[in-house]
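Given chain Z, put chain F in place with the hints provided.
Protein sequences, first through last, are from chains Z and F.
Here the first sequence stands for residues -19 to 359, numbered as in our numbering.
Here the second sequence stands for residues -19 to 359, numbered as in our numbering.
No lab work stands behind these hints, which were simulated from the structure alone.
Treat each hint with caution, since some may be false.
Derived lysine-lysine pairs resembling DSSO-like cross-links, with alpha carbons at most 30 Å apart [stated by the list, open to error]: (1) Lys73(Z) <-> Lys323(Z); (2) Lys232(Z) <-> Lys165(F); (3) Lys55(Z) <-> Lys200(Z); (4) Lys165(F) <-> Lys323(F); (5) Lys100(Z) <-> Lys200(Z); (6) Lys232(F) <-> Lys55(F); (7) Lys55(Z) <-> Lys73(Z); (8) Lys200(Z) <-> Lys323(F); (9) Lys73(F) <-> Lys100(F); (10) Lys223(Z) <-> Lys165(F); (11) Lys229(Z) <-> Lys165(F); (12) Lys55(F) <-> Lys229(F); (13) Lys200(F) <-> Lys55(F); (14) Lys323(Z) <-> Lys165(Z); (15) Lys55(F) <-> Lys165(Z); (16) Lys229(Z) <-> Lys200(Z); (17) Lys323(F) <-> Lys73(F); (18) Lys229(Z) <-> Lys55(Z); (19) Lys200(F) <-> Lys229(F); (20) Lys223(F) <-> Lys165(Z); (21) Lys165(Z) <-> Lys232(F).
Computed Cβ-Cβ distance ranges for the label pairs, DEER-style [as the list claims (entries may be wrong)]: (22) Asp218(Z) <-> Gln286(F): 51 to 61 Å; (23) Arg195(F) <-> Gln(-4)(Z): 46 to 56 Å; (24) Asp281(Z) <-> Ala279(F): 51 to 61 Å; (25) Gly282(Z) <-> Arg322(F): 52 to 62 Å; (26) Asn283(F) <-> Ala285(Z): 45 to 55 Å; (27) Leu(-8)(F) <-> Glu194(Z): 21 to 31 Å; (28) Glu186(Z) <-> Arg10(F): 29 to 39 Å; (29) Arg249(F) <-> Gly282(Z): 45 to 55 Å; (30) Asp14(F) <-> Glu194(Z): 20 to 30 Å; (31) Arg120(Z) <-> Ala309(F): 41 to 51 Å; (32) Glu253(Z) <-> Ala278(F): 23 to 33 Å; (33) Ser351(Z) <-> Arg249(F): 39 to 49 Å.
Covered stretches of chain F, as calculated for chain Z (at least 3 residues, CB under 8 Å) [said to hold, decoys possible]: (34) 195 to 207; (35) 261 to 268.
Every residue gets a Cβ at the ideal spot worked out from N, C-alpha and C, and that includes glycine.
Listed here are the chains, written in short residue letters.
2 protein chains.
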Amino acid sequence: MSTAFPQDSVGLVTPQVLHFADPLPLACGRSLADYQLVYETYGELNAACSNAVLICHALSGHHHAAGYHSADERKPGWWDSCIGPGKPIDTNKFFVVSLNNLGGCNGSTGPSSLNPATGKPFGADFPVMTVEDWVHSQARLADALGVGQWAAVVGGSLGGMQAMQWAISYPERIRHCLAIASAPKLSAQNIAFNEVARQAILTDPEFYGGHFQERGVIPKRGLMLARMVGHITYLSDDAMGEKFGRGLKSEKLNYDFHSVEFQVESYLRYQGEEFSGRFDANTYLLMTKALDYFDPAAAFDGNLAQTLAGVQADFCVMSFTTDWRFSPARSREIVDALIAARKNVCYLEIDAPQGHDAFLIPIPRYLQAFSSYMNRIAI
Amino acid sequence: MSTAFPQDSVGLVTPQVLHFADPLPLACGRSLADYQLVYETYGELNAACSNAVLICHALSGHHHAAGYHSADERKPGWWDSCIGPGKPIDTNKFFVVSLNNLGGCNGSTGPSSLNPATGKPFGADFPVMTVEDWVHSQARLADALGVGQWAAVVGGSLGGMQAMQWAISYPERIRHCLAIASAPKLSAQNIAFNEVARQAILTDPEFYGGHFQERGVIPKRGLMLARMVGHITYLSDDAMGEKFGRGLKSEKLNYDFHSVEFQVESYLRYQGEEFSGRFDANTYLLMTKALDYFDPAAAFDGNLAQTLAGVQADFCVMSFTTDWRFSPARSREIVDALIAARKNVCYLEIDAPQGHDAFLIPIPRYLQAFSSYMNRIAI
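This is chain Z alone, in the form it adopts within the complex:
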């Protein structure tokens, strides 16, 4: 490891790519003829292949969860605070796998990939993915890596949904399921926010029905708005108040329709702008749809306990007090169903002012609880 990196970092990491030639049947009825997954690994797989941990990412996440891609990379992977030597997901103990999901825009096959049937980017022709589809594709990745059973599957938000789906779809292949700041399904309000984001993209004149790439443009305005509205739901009212309050951008008010008056406006515009330059609009639509569709209990008349009846994994569920996107009440729905199904479950509600984003933030009590659970996992 380069001495340039912090001691508790996994250091320099190199993404890897695996190609899968077997068609993957999807929930939508279509299938992907072949596809590739980009992933990173941290730590070493032990001889018994019993120490593998899968990281599932959330809406705008990707495979680069920890470490650095180069010595001059400004920021480490998105969950670097939780993955590394001595960190909650301790790479001295675990072999950690983190992938970019199918439909993503960071190297795995997705809407911006070339459609072999046409030689052009898939764009909006890329099939809609579900959490179940992702879990099946992740199971093939596990096979390829020689991982018969995960010591743990871990995820926050949409990532937590994938962890839950693993426990349901492949009960014998997962020993521990960690679902953080997650929910058993979206509420009407959650779907409504997603729909605003989608409409912003779909109605952007530069979306061109999802085939903007062929025209050399991007629906920048739509993506910007989608990110802005998303961002509000990731932060708590208190966190925004603490961070920006009613602070002004300049010394006095401009009193016009278009000026940035308040710091919070400036922050949101910046977040939106930055995001629109790095994220694919079709992937954003796909990710919000995967969130909307996730509802494993639907096949059991809404009975979540029954849905979880076949689960063999032990669960660790964590939530954050000021998270209003997936509030603690949503996590307790999962916990209550697990208890009703007589499963092993640990639940922790972390006092944190940061809202939904808290799961990405190194909050001491959160890291301690996370470490404590992971340390007890037998390998």
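What follows is chain F alone, placed relative to chain Z:
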């Protein structure tokens, strides 16, 4: 009154227009050379001119608060449940005045009016208005109607802010201030939601810098998105869950990027579409700016109690348990400041599942409390 109207309705009403030729100086530093206000009145002004009540409207409101404009009007005015004979604002007792605010798009001078200086619609050249500006224009309307002092000024949400500003700006001209589902200023999150709505409009290619009228188009997409995001904040998570849950639009999922899958999506799109056909985009920007700017305590180093020191009116403050746009905590800020300033204040938190919209809904306990307060007002 036509027998076609319900017995407790004010019946047929006709909007009236008053023209003001004295320039109105505005907070932005500009002034309106002349302007007109459209308003309605219900009930009769008594000989002592002591029974007048002013209704202040919220973001998308207007002068038509009660009764019907014609025998075949499908729905009565927007606050018909609260204004009429025997209703909380009892027209057998009170003379009720309801206007469309300056900058509006329902008949009062606003961005869609002709700018006498150019002969074209003002568009984005219309000056930004503040709650204080509105109150000054309302004071001129009161003068014209012979109302020296309001028995009460009443409003919900942004309307409640105007009622508060009346008590601050014209302490001797208001005996009772009713601020319902309101707040002493917007939070960073409130401003953030407004900013998303504004960006949706401002970045719509058919906004043309606010001069879309001259081109015969409207920024329909922007207005639609603005209304959709606004609408989510008017309803509680529970109310949306109750109303739509995860109910599907058709029998099964379509699994594509653009289809309406859930009823809540369909509802939001309808609300957005309908709104974009009837509301002016520049007025929407102006209203959200007026909300953002409202902060009467800013002139007193944020000390709301000191801001209210000169108030003479008695206050009635009401909030609704599931309102997360202006939560009960925001109303309690007003109440606490009034108590600290040793003013008379009544506070009621109504248990209601409907969120911010509750102030428009005939909830029995709300109507009873509202009536009870209004009945005790001496005229």
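How the hints compare with the structure:
1. At roughly 26 Å between alpha-carbon atoms, Lys73(Z) and Lys323(Z) fall within 30 Å of each other, so this suggested pair holds.
2. Simply put, Lys232(Z) and Lys165(F) have alpha-carbon atoms about 17 Å apart, close enough for the 30 Å limit, and the pair holds.
3. Proximity of Lys55(Z) to Lys200(Z) is assessed by CA-CA distance (about 24 Å); at most 30 Å being required, the pair is judged to hold.
4. With a C-alpha separation of about 20 Å, the suggested pair Lys165(F) and Lys323(F) falls inside the 30 Å cut-off, and the hint holds.
5. Only pairs whose Cα atoms come within 30 Å are accepted, and Lys100(Z) paired with Lys200(Z) is accepted, the gap being roughly 21 Å.
6. Taking the CA atoms of Lys232(F) and Lys55(F), the gap is about 35 Å. The hint is violated against a cut of 30 Å.
7. The suggested pairing of Lys55(Z) with Lys73(Z) holds, with an alpha-carbon distance near 24 Å, which does not exceed 30 Å.
8. Restraint check for Lys200(Z) and Lys323(F): not satisfied, since their Cα atoms lie roughly 52 Å apart, outside the 30 Å limit.
9. Simply put, Lys73(F) and Lys100(F) have alpha-carbon atoms about 44 Å apart, too far for the 30 Å limit, and the pair is violated.
10. Restraint check for Lys223(Z) and Lys165(F): the C-alpha separation of about 17 Å stays at or below 30 Å, so the hint holds.
11. A distance of roughly 17 Å separates the Cα atoms of Lys229(Z) and Lys165(F); the hinted pair therefore holds under the 30 Å criterion.
12. Restraint check: the Cα-Cα separation between Lys55(F) and Lys229(F) comes to about 27 Å, which is no more than 30 Å; the hinted pair holds.
13. For a cut-off of 30 Å, the pair hint linking Lys200(F) to Lys55(F) stands: about 24 Å separates their Cα positions.
14. Distance check on the hinted pair: Lys323(Z) and Lys165(Z) sit about 20 Å apart at the alpha-carbon level, within 30 Å; holds.
15. Taking the CA atoms of Lys55(F) and Lys165(Z), the gap is about 37 Å. The hint is violated against a cut of 30 Å.
16. With a C-alpha separation of about 24 Å, the suggested pair Lys229(Z) and Lys200(Z) falls inside the 30 Å cut-off, and the hint holds.
17. At roughly 26 Å between alpha-carbon atoms, Lys323(F) and Lys73(F) fall within 30 Å of each other, so this suggested pair holds.
18. The hinted pair formed by Lys229(Z) and Lys55(Z) meets the criterion: a straight-line CA distance of about 27 Å does not exceed 30 Å.
19. With a C-alpha separation of about 24 Å, the suggested pairing of Lys200(F) with Lys229(F) holds against the 30 Å cut-off.
20. Simply put, Lys223(F) and Lys165(Z) have alpha-carbon atoms about 17 Å apart, close enough for the 30 Å limit, and the pair holds.
21. Between Lys165(Z) and Lys232(F) the alpha-carbon distance is near 17 Å, which keeps this suggested pair within the 30 Å criterion.
22. Checked against the hint of 51 to 61 Å, the pair Asp218(Z) and Gln286(F) fails, with Cβ atoms roughly 25 Å apart.
23. Distance hint check: the CB atoms of Arg195(F) and Gln(-4)(Z) are about 53 Å apart, consistent with the given range 46 to 56 Å.
24. Between Asp281(Z) and Ala279(F) the CB atoms are about 59 Å apart, so this pair conforms to the stated range of 51 to 61 Å.
25. For the hinted restraint 52 to 62 Å between Gly282(Z) and Arg322(F), the CB-CB distance of approximately 54 Å keeps it satisfied.
26. The given range of 45 to 55 Å is respected by Asn283(F) and Ala285(Z), whose C-beta atoms sit roughly 53 Å from each other.
27. A C-beta distance of roughly 59 Å is found between Leu(-8)(F) and Glu194(Z), which places it outside the suggested range of 21 to 31 Å.
28. The supplied range of 29 to 39 Å is met by Glu186(Z) and Arg10(F), whose beta-carbon atoms lie about 36 Å from each other.
29. One distance hint, 45 to 55 Å for the beta-carbon pair Arg249(F) and Gly282(Z), is violated here, with the actual separation near 26 Å.
30. Taking 20 to 30 Å as the suggested C-beta distance range, the pair Asp14(F) and Glu194(Z) does not conform, at roughly 54 Å.
31. Range check, Arg120(Z) to Ala309(F): Cβ separation about 50 Å, and the 41 to 51 Å hint holds.
32. Distance hint for Glu253(Z) and Ala278(F): a CB-CB separation of about 29 Å, consistent with the stated range 23 to 33 Å.
33. Distance hint check: the CB atoms of Ser351(Z) and Arg249(F) are about 46 Å apart, consistent with the given range 39 to 49 Å.
34. As drawn, the region 195 to 207 of chain F meets chain Z at 3 residues by the rule of a beta-carbon pair under 8 Å; at three or more, the given contact holds.
35. Residues of the region 261 to 268 of chain F with a Cβ under 8 Å from some Cβ of chain Z number 3, which satisfies the need for three, so the listed coverage holds.
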